[in-house]
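**Q** Based on the hints, put chains B and C in the right spot on chain A.
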Amino acid sequence: MTEPLIFERSVSGRRGYRLSPSDVPTCSITQLLPQDQRRTEVLPLPELSELDVVRHFTRISQLNFSVDTHCYPLGSCTMKYNPKLNDRVAAMPAFAWLHPFQPADQLQGILRLLYELEQLLCAITGMSAFTLQPAAGAQGELTGLKIIAAYHRRKRRRRSIILIPDSAHGTNPASAALAGFQVVQLKSGMDGLIDTQELRARLNSNVAALMLTNPNTLGLFERQIKSICALMHERDALVYMDGANMNALLGIARPGELGVDLLQLNLHKTFSTPHGGGGPGAGPVGVTRSLERFLPLPRVRRVGKRWVWTEHSEASIGRVHGFYGNIGVLIRAYIYIRTLGREGLSRAGCHAVVNANYLKKKLQDIFPVAFPQACMHEFVLSLKSLKAQGLTAWDVAKRLLDYGFYAPTVYFPLIVDEALMIEPTETESKETLDELAEALRKIACEAKEDPQLVSRAPHRMAVGRLDEVKAAREPDLRWNPASVPTAVAH
Amino acid sequence: MDYAPNTDAQIQEMLDVIGVSSFEELISSIVPEKLRQSNLDVPSGMSEQEILQWAEALGSGNRPVNQQISFLGAGAYDHLVPTVVDVLASRGEWLTPYTPYQAEASQGTLQAIYEFQTLICQLFQMDVANASLYDGASSAAEAVLVALRCRARTRVLVSETVHPHIRQVISTYLSQSEAVFQEIPAVNGLTDIEALDRASAEDVACVVLQQPNVFGCLEPMEQAGQLAHRMGGLFVACVYPISLGLLRPPGSFGADLAVAEGRCLGSPITYGGPGLGLFTATAELLRRLPGRLCGATVDHAGHRGYTLTLQTREQHIRRERATSNICTNEGWLALRATIFLSLLGSGGMKELALLNFEKAHYAYRRLLEIPWISAPFSQAFFNEFTLQYDAAIDSDKIQRVLAKANILSGLSLARWYPTMEKNFLWCVTERISKDAIDRLIETLKGFQG
Amino acid sequence: MQFPEELRYTTTHEWIKLQGTEAVVGITAHAQQELRDIVFIELPKVGTVVKQAAAVAVIESVKAAFDIYAPVSGTIKRVNEAVTGSPQRVNQDCYGVGWLFAIEPSDSQEFSRLLSVEAYRQKLQAETH
Chain A
0 MTEPLIFERS VSGRRGYRLS PSDVPTCSIT QLLPQDQRRT EVLPLPELSE LDVVRHFTRI
60 SQLNFSVDTH CYPLGSCTMK YNPKLNDRVA AMPAFAWLHP FQPADQLQGI LRLLYELEQL
120 LCAITGMSAF TLQPAAGAQG ELTGLKIIAA YHRRKRRRRS IILIPDSAHG TNPASAALAG
180 FQVVQLKSGM DGLIDTQELR ARLNSNVAAL MLTNPNTLGL FERQIKSICA LMHERDALVY
240 MDGANMNALL GIARPGELGV DLLQLNLHKT FSTPHGGGGP GAGPVGVTRS LERFLPLPRV
300 RRVGKRWVWT EHSEASIGRV HGFYGNIGVL IRAYIYIRTL GREGLSRAGC HAVVNANYLK
360 KKLQDIFPVA FPQACMHEFV LSLKSLKAQG LTAWDVAKRL LDYGFYAPTV YFPLIVDEAL
420 MIEPTETESK ETLDELAEAL RKIACEAKED PQLVSRAPHR MAVGRLDEVK AAREPDLRWN
480 PASVPTAVAH
Chain B
0 MDYAPNTDAQ IQEMLDVIGV SSFEELISSI VPEKLRQSNL DVPSGMSEQE ILQWAEALGS
60 GNRPVNQQIS FLGAGAYDHL VPTVVDVLAS RGEWLTPYTP YQAEASQGTL QAIYEFQTLI
120 CQLFQMDVAN ASLYDGASSA AEAVLVALRC RARTRVLVSE TVHPHIRQVI STYLSQSEAV
180 FQEIPAVNGL TDIEALDRAS AEDVACVVLQ QPNVFGCLEP MEQAGQLAHR MGGLFVACVY
240 PISLGLLRPP GSFGADLAVA EGRCLGSPIT YGGPGLGLFT ATAELLRRLP GRLCGATVDH
300 AGHRGYTLTL QTREQHIRRE RATSNICTNE GWLALRATIF LSLLGSGGMK ELALLNFEKA
360 HYAYRRLLEI PWISAPFSQA FFNEFTLQYD AAIDSDKIQR VLAKANILSG LSLARWYPTM
420 EKNFLWCVTE RISKDAIDRL IETLKGFQG
Chain C
0 MQFPEELRYT TTHEWIKLQG TEAVVGITAH AQQELRDIVF IELPKVGTVV KQAAAVAVIE
60 SVKAAFDIYA PVSGTIKRVN EAVTGSPQRV NQDCYGVGWL FAIEPSDSQE FSRLLSVEAY
120 RQKLQAETH
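Chains as they are written, first to last, in numbering that gives the first Met the number 0: chain A, 0 to 489; chain B, 0 to 448; chain C, 0 to 128.
The following block holds chain A by itself, in its conformation from the complex:
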């Protein structure tokens, strides 16, 4: 069943929302607004009733898999349960209706919350200071890289290289390039970890920093992290940690104690804020004491019993957000941390690791695990054996949808052939993990007995497998009144 586009439901003259009538004397637009500033064409938006809109967006919502409806074992995305309580607090008028330019005496509650969140993130990561401004992980990376550049510039030198392992998330090299650095890729060792020989070989006086992910995208903990950091620090190069996988370290290890100089956290992953079908997220950046002065402005400070913004620090890299960051997301993360507390956070990290290792154990007889050692919060399977049946990891992902599971991450990390990357998170029960393992076992059988069943999956979704080639060759990115709809499914 599919749903027409909202534009196809439009009826000329229909209204869906009644505004208050104007209570001020009418004024002459022709006098007050010059002709050349006025919109002359009719605004071509659709016209619907409130019920039209409610039905439309309710119906199409039901075409989605989501954490609230399905297990969502998407590797590197930490699709854990998003507590409703967090949404409730963020929607409280006392938080939702604050204006960024209100005087500080009207904002003591939110400023205190932001200040405490920074303190909590410091306690969890072992870093000395945080900025809450970056709107997502990638913007956090960019902020971190600008800080790295500022650090070296302060020492009156220009260093142009960022070392990044080949297993890294694509945002790492993209952020480094955006920040004006040259990326040098590090080939991972046979064990999937950073190869310290390779690192030494690539390290020179032009290297500004190493950007690593820990645990890495294979779900493996960098056991040599301390010596890696020491190696970098010997050259006065910095270590940036992509904290996207921080969920695995909760209560287990603190990046600040491992020698990391700066990191970003993805609050929409580790701290359970909802992904919203693509965002918003929040990507606070934590730094050591010596890098604090480079953080973006403004920063929230406590002065006696008051909380205020400070706007000045001559070493700051500047502003990265239009205002103070994604406050609605920060509130949710704060509430999450306060709800779980010390014990709950540690339990989350511990259960995430147990869930992943349990599922890995149950699956490793079905599909080989890319790296056999015990993992942290996620692991990667290689489905290259399916090539014999003419199948790919992508086919298995699509078939899994038919079994009521969102697909794991496919074809990432790039260093594993036919990768299927699975992150169950701590909020999935053993029963669900058993069902997921069973579904993959059945698909492995289907692949042998009836490969077409798998290669043509999914069969039970609102639409069959979509033609991505057509979408890319003939980009159709917006509805046009002239475009004739193709056959509508039922």
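One or more of the hints may lead you astray.
Said to hold, decoys possible - In silico BS3-like pairs for lysine-lysine, Cα to Cα no more than 30 Å straight-line:
(1) C:K44 / A:K186
(2) C:K62 / C:K50
(3) A:K83 / A:K154
(4) B:K396 / B:K349
(5) A:K447 / C:K62
(6) B:K33 / A:K186
(7) A:K469 / C:K44
(8) A:K469 / C:K50
(9) A:K469 / A:K361
Since the hints were derived computationally from the structure, they do not count as laboratory data.
**A** Here is chains B and C on its own, set in the frame of chain A:
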């Protein structure tokens, strides 16, 4: 309180399957003992009831704008949020999926993005819109980056009348690069077009203007766009979506790239974030766009469906050569904007813009009745305008008097423009009633310097 | 898989054919097959001066983007506009209608450094083992 469902007995069962006797045994095989942390210095957890009490307590330290009469704007506007938007958007199917990488299990999100892209194109009269960026400021910065790459030039001309925060973010994004960030001065509340003309150079990649500008004034966008094009650069326009029910859309005045802060389309201010970065462009720039794009296609049976497309521009494929590093965007706010625009429709958006315009002009006229208030500029405006107090007036005292009457005065522009002491930026949206404006005037009339 | 005898090849899977004063360039059957469905092609501007082994064009499939390198140095004389309009032509006929661009070589010595069909076949074999 935590949300991990497995019981101690289940965990033990799972550890047995893994082949270890305890979690300690498992974790010590992964993280060497000497790297483990000692304790977690975080307070103990709380129950829902305790959390709500604590949130109420924290919230009582805030004074939200919906409990007062607020004339604050300057990039964050207090507009209506229809109940339908809140109720629909809070469905778990909208709030809790990830980016729609598996198209067949994400048709809801994808169809909504396709509708969003269309609605934004309609509102802006531009050819293409992406699935959103972080906020208006980073959208402006990304637009500048598109222009720099596309023109293979280095100079960026930004009017001083662009919101200072937007200029600051562009400047942060450009630091470390070869790009030259040059500001064009203002005259009489508008971009100095002659100065812009004089700044013409062979290396200009783009010209950036804001409409209405930071003083509320309406800029000669068409003229600025023509100048930008004559220099061989692109024209980047930062616009205000609510105004587009009444004002010329960027596609009609020659913008190559038009961006905006879209939070005002159905989302609360939430202290300035999350925002909603709207990003639109002409068709020629399609392959240069940052961020996600959703396209319509068909499945094997020929049924219409939607999928993310042209992904080779993005970081997960192009890595260091991607058009941007953006991954997570502001999808949920884009959904809210989609519902908002569908609900208000053509007539509603026009009426809303008109309401803002009329109320602001009423307030403007009334404020000028005060003998010590004058208008420093005489430009046309939409719902925001700049007024000046006489030099002898103690503006701090006025703020206090207004605060006592539960009124948040316009914003002092001196914080950004030191020469504009006693200049205040007043914003009047549809949320302000005539009574509220009259009360403001009464309070100011009663003010004895 | 077909690899015409009369062509020269590169290790990056381009082919090149000398025709009078210009050399026509395309991608090999192997590259075409690896790429699967080609959805977008960006060609250089006519008149661009290119160096041997420099990235001059881009070919994209749905989930990957590949650079096309100039097999020899020279000036771009012609580009095949037909493939930018319908990139599937490269999948259908990579040695014929799916050619990409023509270069006027500036250094005839460079041809000697290109691979013969045997050398290219050997390279492919080595890659798959």
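**Q** Confirm or reject each hint.
**A** Structure-based check of each hint:
In summary, the hint linking K44 (chain C) to K186 (chain A) is not supported, as the alpha carbons are separated by about 35 Å, beyond the 30 Å threshold. Distance restraint check for K62 (chain C) and K50 (chain C): the Cα-Cα separation of roughly 28 Å lies within the 30 Å cut-off, and the hinted pair is therefore satisfied. For the hint linking K83 (chain A) to K154 (chain A), the alpha-carbon distance of about 47 Å lies beyond 30 Å, and the restraint is violated. Proximity of K396 (chain B) to K349 (chain B) is assessed by CA-CA distance (about 38 Å); at most 30 Å being required, the pair is judged violated.
A hinted pair counts as satisfied when its Cα atoms are at most 30 Å apart, and K447 (chain A) with K62 (chain C) qualifies at roughly 27 Å. For the hint pairing K33 (chain B) with K186 (chain A), the CA-to-CA distance comes to about 27 Å; that is within 30 Å, so the pair holds. In summary, the hint linking K469 (chain A) to K44 (chain C) is supported, as the alpha carbons are separated by about 26 Å, within the 30 Å threshold. A hinted pair counts as satisfied when its Cα atoms are at most 30 Å apart, and K469 (chain A) with K50 (chain C) does not qualify at roughly 34 Å.
Restraint check for K469 (chain A) and K361 (chain A): not satisfied, since their Cα atoms lie roughly 38 Å apart, outside the 30 Å limit.
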